[in-house]
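Protein chains: 2
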Amino acid sequence: MAISLKNEGILKESLQIRAPVNLALVKYWGKLDESQMIPLNDSISITINELFVDTRITAIDGSEDRVSVNGRIVESDEFGRFRRVFDKLRAITGSSKHFHVVSESLFPASAGLASSAAGFSAIAYGLSVMYELDKDVACELARLGSGSACRSIYPGFVHWKVSRDGSLAAAAAVNRCEVIAQADHWPELCVLVLIGTEEPKHCSSTVGMNASVRTSELLKYRVEICVPKHIKQAKDAIIGRDFAALAEVVMRESDQLHAICLDTYPPLLYLNEFSRQLMFLVHGYNELAGEMRVAYSFDAGCNCFVICRQSEVEHFLPYVCYYFGDIDDRPVVCGWTEEIGTSLRFGCVRNVSQLPNSLRLVVVSKIGTEPKCID
Amino acid sequence: MAISLKNEGILKESLQIRAPVNLALVKYWGKLDESQMIPLNDSISITINELFVDTRITAIDGSEDRVSVNGRIVESDEFGRFRRVFDKLRAITGSSKHFHVVSESLFPASAGLASSAAGFSAIAYGLSVMYELDKDVACELARLGSGSACRSIYPGFVHWKVSRDGSLAAAAAVNRCEVIAQADHWPELCVLVLIGTEEPKHCSSTVGMNASVRTSELLKYRVEICVPKHIKQAKDAIIGRDFAALAEVVMRESDQLHAICLDTYPPLLYLNEFSRQLMFLVHGYNELAGEMRVAYSFDAGCNCFVICRQSEVEHFLPYVCYYFGDIDDRPVVCGWTEEIGTSLRFGCVRNVSQLPNSLRLVVVSKIGTEPKCID
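Chains as they are written, first to last, in full-length UniProt numbering: chain A, 1 to 375; chain B, 1 to 375.
Source of the hints: derived by calculation from the structure; they are not laboratory data. Treat the hints with caution; some may be incorrect.
Straight-line distance between alpha carbons at most 30 Å, and here's what the computed DSS-like set of lysine-lysine pairs gives [as the list claims (entries may be wrong)]:
#1 B:K161 x A:K232
#2 B:K232 x A:K161
#3 A:K31 x B:K31
#4 B:K235 x A:K220
#5 A:K372 x A:K88
#6 A:K220 x B:K232
#7 A:K201 x B:K201
#8 B:K220 x A:K220
#9 A:K220 x B:K372
#10 B:K235 x A:K31
#11 A:K220 x B:K12
So the derived label-pair ranges between C-beta atoms look like this [claimed, not checked]:
#12 B:H100 x A:R345: 36 to 42 Å
#13 A:R309 x B:S311: 55 to 61 Å
#14 A:L361 x B:A289: 51 to 57 Å
#15 B:A245 x A:L288: 44 to 50 Å
Treat the numbers as computed from the prediction; the structure is a model and nothing was measured. C-beta atoms are modelled at their ideal positions from N, C-alpha and C, and glycine is treated no differently.
Please construct the entire structure, taking both the sequences and the accompanying hints into account.
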């Protein structure tokens, strides 16, 4: 029901929000309940501030919500997820406002880079500022748009909990995010986002994970047995700043997500040859280094996130450029001001094939903070 | 102890054996016991006579066994598996003979085409003929060289059983092969072996499966829960000649094998971009056809086996040539005498990328019989 106050309690009619992408270290894949967006299992993420969306939200007195993403109006089916967020906001606040949203990101949508998660977290965060709602509500709004978006509402190392014990109601009650550690807890931790040449996903995350829930024989075992173990390992590694332990669980999680994707019928094949050679490179590099120096993670797409210590970036970047860069030039690197050397610290890596021109963009980022207003 | 008979009971001093490759429809991956070669789970295979090795075995009075494969002398570590077979033969028969083996195959070794399985089945079969041993003994000898080689000792549709119930001794006692149906049970069933450009495996099957047993979190669940179900589904489908049912379980098994490979740490990445596009092609083709017409299966390598009905070959081959063939020419096709058309029956397949020149050879085969002497 509409409130008859002139501004309906809105603090600000228009806001510009910058919201970060988050990278899942322990992966969310599968829903227990679609309508309430309750995941099958816990997940853990880090936010990456160098990869973000900028979103303007304007509350209007009209009767229509409208969203554009990277210059394209969102329509029909695709709009449903946005409508769900706005409807929920109106239900919670009693506001009759509608919303115009213009969202822009540096990186391609549907490339498996959690752009929709960042987008929905920007909207949810913006609405929560407009209506002075608390963070748990922002988290719920974000989740209704895109499950993992709720993790981008929080800074640093985030644990999306669902730990359930029987009923759906019980699961719904604990469906929220907790900050494991703030961004400055582990200042030397870096993320390299490696964006390959454009290859749209053959199947969206939403459709893909629902297919996995329906058809994967191994998913149940992963959810019940593997994930709880990985959550504990990842949490302990984060709290103890144990890079080697974190790196192993992060790669195992990425690999297991894609194992479940393969075990889905028909299979989800997000990893391509670029992804495959990157995986060889990372394991080969660590082997040559004699210890864990870098770790990869892939979401539902072929693009890669690499985590490492700040001090490793200068050594690993030449490898990335050598194996995947332009033949004549270096790939575009954002967030890194130093010269990228050409020498390969440990020499070539066995079993890795060069795939020239397969890398479009590298973004180097520290662990970041929550969304913010940039008006 | 050596027997002092002049010919030591040998029926023939030299034999030429042709032994077929076998394709696992339900996959063998992981050993319960390495020394006795007891697999973790049952498997089911078909033999493919068009893909075979020709092996000459000569019993000599010297003191050294010698093996050459495709012109290369097998040495040091690699020779251990052969020595194990010869030693076992001498232990069983009491013979003091040694053996010279010369093995040749049409197709590349270490390409995931079960060449070593065919090779060891040729040796084991040859020795069993020389010494008049029964089939179970030939099976055991073959297995000592390469686990899945024992399946190539039998014709048609073969079930390698291990169904165990507690002790290792019990498992060893039932570790043998059974013929589900002879080759002529399902005469319209065809296999297309699609051999891509040479890419040696980054990790041998033996090393790979041992790594999976040590590190995969999902393997145990696969072995205990998934495989018994798949064995039953595949057996029923074979006995009932139900192509759609067989096709689904065959693809699920291939996908699950590679899911386990991905879940291994570090991951085993046998499937490359050629494999990936083939998987898209097969599922897309079936979708366009509105029913199950073709099914893929990959062993531990990037090369593909496609099963289909004889009547489907002429329709599917143009797709294979279109997506993976030479730009200017058709790939080499063995075992198929008809002209290969250029028209794509259902038009192009969504989501499949052309990978010109990625196909080196296509072998079309019916289900075959056991090894034979070709002297």
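Hints, verified against the model:
no.: 1; hint: B:K161 x A:K232; result: violated, 39 Å
no.: 2; hint: B:K232 x A:K161; result: violated, 39 Å
no.: 3; hint: A:K31 x B:K31; result: violated, 35 Å
no.: 4; hint: B:K235 x A:K220; result: holds, 25 Å
no.: 5; hint: A:K372 x A:K88; result: holds, 22 Å
no.: 6; hint: A:K220 x B:K232; result: holds, 21 Å
no.: 7; hint: A:K201 x B:K201; result: holds, 27 Å
no.: 8; hint: B:K220 x A:K220; result: holds, 13 Å
no.: 9; hint: A:K220 x B:K372; result: violated, 46 Å
no.: 10; hint: B:K235 x A:K31; result: violated, 34 Å
no.: 11; hint: A:K220 x B:K12; result: violated, 56 Å
no.: 12; hint: B:H100 x A:R345: 36 to 42 Å; result: violated, 48 Å
no.: 13; hint: A:R309 x B:S311: 55 to 61 Å; result: holds, 60 Å
no.: 14; hint: A:L361 x B:A289: 51 to 57 Å; result: violated, 40 Å
no.: 15; hint: B:A245 x A:L288: 44 to 50 Å; result: holds, 47 Å
Of the numbered hints stated above, those contradicted by the structure are hints 1, 2, 3, 9, 10, 11, 12, 14, listed in ascending order.
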